[in-house]
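Chemist: With the hints as extra help, turn the sequences into a complete structure.
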Amino acid sequence: MGLSFCGNDKDSNAYSVDNGVLDNGCFVDALNLVPHVFLLFITFPILFIGWGSQSSKVQIHHNTWLHFPGHNLRWILTFTLLFVHVCEIAEGIVSNTQMESNHLHLFMPALMGFIAATTSVVYYHNIETANFPKLLLALFIYWILAFITKMIKLWKFAEASLGVQHLRFCITALLVILYGLLMAVEINVIRVRKYVFFANPQRVKPPEDLQDLGVRFLQPFVNLLSKATYWWMNPLIIGAHKRPIELKKIGKLPIAMRALTNYLSLKDAYEEQKQNTDDPEKSPSIWRSMYRAFGRPILLSSTFRFTADLLGFAGPLCISGIVEHLKSTTEIDKSNKTGNMILGVYHMYSTELLQNTYVLAVLLFLALVLQRTFLQASYYVTIETGINLRGALLAMIYNKILRLSTSNMSMGEMTLGQINNLVAIETNQLMWFLFLCPNLWAMPVQIIMGVILLYYLLGNSAIIGAGVILLLAPVQYLIATKLADTQKSTLDYSTDRLKKTTEILKGIKLLKLYAWDNIFCDSVEETREKELTSLKTFALYTSMSIFMNAAIPIAAVLATFVTHAYIEEDRLGPAKAFASLALFHILVTPLFLLSTVVRFAVKALVSVQKLSEFLQSDEIGDDSWRNGEMSMPLETGKKYKYPGDTKAINRKGRFRMDNYEQPMRRQLRPTETEDVAVQVDDGYFTWGSSLSTLSDINIRIPTGQLTMIVGQVGCGKSSLLLAMLGEMQNISGKVSWSKMPDCEIHLDGNISKNRYSVAYAAQKSWLLNATVEDNITFGSPFNKQRYKAVIDACSLQPDIDLLPFGDQTEIGERGINLSGGQRQRICVARALYQNTNMVFLDDPFSALDIHLSDHLMQEGILTFLQDNKRTVVLVTHKLQYLIHADWIIAMKDGSVLREGTLKDIQTHDVELYEHWKTLMNRHDQELEKETELESQTTLERKTLRRAFYSREAKNQIDDEDEEEEVEEDEDDNMSTTTSRRSKIPWRDCWRYLSSGGFLMVFLMVFSKLAKHSVMVAIDYWLAKWTSSNQRNESFANLFANSTNYTENNDGRQNTEHHSYVPVFIILCGAAIALCLITSLTVEFLGVAAATNLHHNLLNKIIHAPIRFFDITPLGQILNRFSADTNIIDQHIPSTLESLTRSTLLCLSAIGVIAFVTPTFLIALVPLAVAFYFIQKYFRVASRDLQDLDDSTQLPLLCHFSETAEGLTTIRAFRHEARFKQRMLELTDTNNTAYLFLSAANRWLEVRTDYLGAMIVLTAAVAAIRSSPQSGLVGLGLTYALTVTNYLNWVVRNLADLEVQMAAVKKVNSFLSTESENYEGSIDVSQVPEDWPQHGEIKIQDLCVRYDPMLKPVLKHVNAHINPGQKVGICGRTGSGKSSLSLAFFNMVDVFEGKIVIDGIDICKLPLHTLRSRLSIILQDPMLFSGSIRLNLDPEHTCTDDRLWEALEIAQLKNMVKALPGGLDAVVTEGGENFSVGQRQLFCLARAFVRKSSILIMDEATASIDMATENILQKVVMTAFADRTVVTIAHRVHTILTADLVIVMKRGSIMENGRPEILMEQEDSMFASFVKADM
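With the sequence shown counted from 1, adding 223 to any position gets you the numbering used here.
If you're looking for bench data, these hints aren't it; they were derived computationally from the structure. Quick caveat: nothing in here was measured; it's all calculated off a predicted structure. Warning: the hint list may mix true and false statements.
[Said to hold, decoys possible] Cβ-Cβ distance ranges computed for the label pairs, FRET-style:
id, residue 1, residue 2, range
1, D1664, S1535, 45 to 51 Å
2, N651, A1296, 49 to 55 Å
3, I648, K1399, 32 to 38 Å
Where is the CB? At the ideal position from N, CA and C, for every residue including glycine.
Modeler: Below, the structure is given as structure tokens:
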């Protein structure tokens, strides 16, 4: 047959136009070609020219992403048009098979139409990006021509009396409608943009977000196709493979998604409800406001979701159609062929097309693609809305925090914990609820639809299957709630365990020196045991949940098919069987998820309850009196440009607030002295209870002078300051602040923002998580001279010099721990630095020693502040400073006792003055004492130096161990930048599995494989069973005439049919049992691994040498015990389970398809390659985005908690707006990371889903071509459908596992640390019970180093100490004194020489024996939480009398007796409930309890006051009279009475001898030390 356009049938007159040109159908079709050809001719040159010029600009600039009006509608219409064209082509080809010769005109125009439509959309996209609308005219003309030609065709069809029942008529009608609509869209663009036919075309600017190049999240701006497939993410995800994604790369959020925008819309909805409610008591409903603000996107998402769910049912129906028509394709009914010949060609009926299996396969493919696209769109919209909601809620909570009344915080109505929970937990709960929210109404609909379809396929037996599912759903819910409860209890135990671990790590030195490490280690293990019990319950419930999930569909299928076999009349055909199987697969997901969604809904209700309570809580009164006018609201939505916050202005350059030399003086007026800054009249203030804390307050604060507030502890001094700041509730009376003079206008013309702000240093120091410099400047512009002056006044320079990065070191909660004094001085420095008229200092001297206090008073307060004539209010206990005060307010019991100058008080209230005088004398005596002591500050600095020395040492020394780790982490930096291979951490996986035990691993692998094999067997059996029915039926039909045969056959068929049932039941039962076994093995493998890993980690770390703790930051070790252990405990098992399940499902599905149609394997190769690349790129990008999300979350949470802690300070400084701005920035950053992460997940899922759809298509086409048994085709297709669901889970779980295995890797890196050598070369039995009896110490040629890599710290030391001698060792810092004391306990590396105690070389002793026979008192007193008894004698070896005796010697007996519980009285963490002196005395008692003949005191008196020190000295002389005591002295006068003095320098002994003799030698070092100390 030749190819000809109109065909050359024998009797046809295809080319004749006798009845008129238009009546020839072939001519009409040819006419239809014209518009398509026209479009292609016009657009191709334009496109090629355009593309040629564009290839130079690789990425078109964002601002070209302007959408012409009707953008989305046009894309949707074009896609519909393409679909209709595909139908038209299919119809043409099928009709063509019915003709004698080939009629090209049946499908050729349709094909051209398809090409033209594709071109039109490409052309449109290019015009849009180039923003050149004039070229759209070509499209406009095309739509008109196509519309006209199709109209002609439709008109001719109508004339020939074709109707809706004919397919070609329907298609043509649809095309007419679509072309018409597209024409309308084009006209609309002309109407709006006026680019032709109008004089002045409209100039359009791109959206504001895109003019700002910082916005990288392009989802709202790209075209519809890119939106649906996340095409715009490609550069980011592929680029991640070369270099990591950083915060810069993800840029800013689009304006519509920023927290501020959403906050405003939520707040408006909330406020509107406030106005609308009649009774003011009722709180506005948060639900309703959320709906008002975010209802629309949720409705949109739900629409997408419904569409996707309905399309989901196309799968099973198409399968049933394909299997049904597979047999009947061969004999097409040719009888009615002639009846359909109209206009000389064949016309199909509409129903006929749907009986063509190939058409069904393509439809199935399209339905899948659409379903997945809609589903991902729905997910994306809900996630975006959820993130927006979270941003809005966070801003709302933050705004409320800034207005919370202080009494709420201090009276404990609102604790920090509650606020943190609101931020970290409740907002996230609501966000998650929004994510899952469309499921609430989509799932019931899906379930009902599914059940109806099942009923239509299977009749009554379907109801039974659905019943099984519904009955088991509540069980699911029950398990889910139980899971949540168990998780809570696990959390409690793990917090407890962490607390204990932290304590051990903090006191590790002491525990080792006393050989108590094992005792404390056991106590942690004990808590861990409880935690593990809880974890086992958790594992049990998790595995039950997984089991239910896997077993329910099997049970349902079993129930349905078995009942169907016995009840129904007709036999089960493969078409129905596999369609219903696919339906059951669809039904499982919503049922499983429903329990989760319901649980989240319940949690969301609770969260909203908490939120609304919080938003209703008390606020502080509006203090507009303080600043004369209004306070700044956040709502204006503009950024407040604070001098410190302006990014545009160079911080250190042009912008100087004032030069420090000439402070802007206010012009003095003659009445200056009478000027009052703050005045309180008849003030009664309260902290929220009805009782007033301050009563009858009448005071004035003179401007520009120093006012001091004094009084006993708790008389209301701090409250008075806060009352003036407006933080307390005012019962009556008023506080008035004077208006400041108007001359304070800045250089830039703004009135200074500092006008009404008060620089305030609170009693409890409050630091930001920021650098030292940021803490001091606190948002003011940086002025070098002023900054330096402030630092000097607070004598912070020496402390800053010690910090690793100077004043750029991060301090605060997450930064470096500073001591109390250092923190306090930084807070004072902050108050001094601010350029405010008022400075309030609340007891700034409390944590400072005397030298610093004096310096601060002189330099800071008197010189720096007073020279500037700033008004200062100072609360203090140091009465010796009263002489400097211009005005004094004396308080007593919440009211003012006296007010006036010191002279006034001296004359009018002699008694008070005398009282002060005696107190001042006492102060002076203390002063003398204090100067003798080494000041507390130098000590603080020393501890700081120690902490850093050890860290620096870590930086200098690369332990081999570490180098190895670094190498593993970054295989050589050069290569990491070029390509970051994402290796799956096989080694860590293996380590993890092997720590779970080989038996469990074997069980898991075996049961998993068995389970999946049985699952495949079930479905295969079903295929055989149903196919056999079909065979028998068709066989029976042949002999329909011989009635007797049919009867016999019926009986035989039933028996055969029933022989299939038992096997089916057995297989299903086995599958259910295996499901249970696999879910249990995986979870308990996880528990076993967690148990072993934690146990090994704890033992390794506790037995590590002390050096390890010096060079490893505590936080890093604790992280292994908290975050990493938590991941290993709870997250890895479920990820592992999910990964193995989804992988095996995909593999078994591909296996089944390949078995049914081997040709499928050829098509599999390209798909597998695509899948490999998708997962490879995704895993790297996902890990980076996950890290970004985690790292941006922490600062946000910290910002909330630090704001809540520093409320009074922030409000006093009037910095609310700056803090709000910071919070919005942090929220937006975190939200950007999260949005990108979820967009990356959508990117992956869309791609894997399309791959899955391709698999279904290839499987279907291959099956139709090779046409095996229809039952097997059904089997193959059902499996192909499941692949689409599981492909993305494989990748997601892989990515998760990779992140989680990092925890195993970190834990393992610690498992390789060396332990101390506990064994020793002498057996314990050889050491005498009472060794050391005498306490004689010989040190012979001793050389000691901390680490084989380091220089020795002691070089060739020789000394001999007789039994019972009292020895003092002194020397400068770093001379090796402490190292010597550690050498006695074998805590350091003794590499030459030896120490012999009572004839035994200590290096040969087992460590435990050695350390348990000596005692030591350390420099920093350390107590553990528990009882006093535990702290004195954790081994429980001593009697109570012995303990009381020890306490009596340490002068603590009376104090302990007074405590509730006596020896069992509680000691809080770190012994905080005792003073430092008392703690040191406890340590003394502890040393005494252990009756050792050698006591070593390491600078034990450095941190205590004189009284305690005297006690100590006495005890040492009396109680330890017969023991050898080695004192390492800091202050030489403590060892003047010693029998022997050893002076050390740089690790060697310079002098030793009796102190008297050394004193007499003029040039001895000892003499010089003593002189310096006097």
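Chemist: Which of the numbered hints above does this structure break?
Modeler: Failing hint: just 2.
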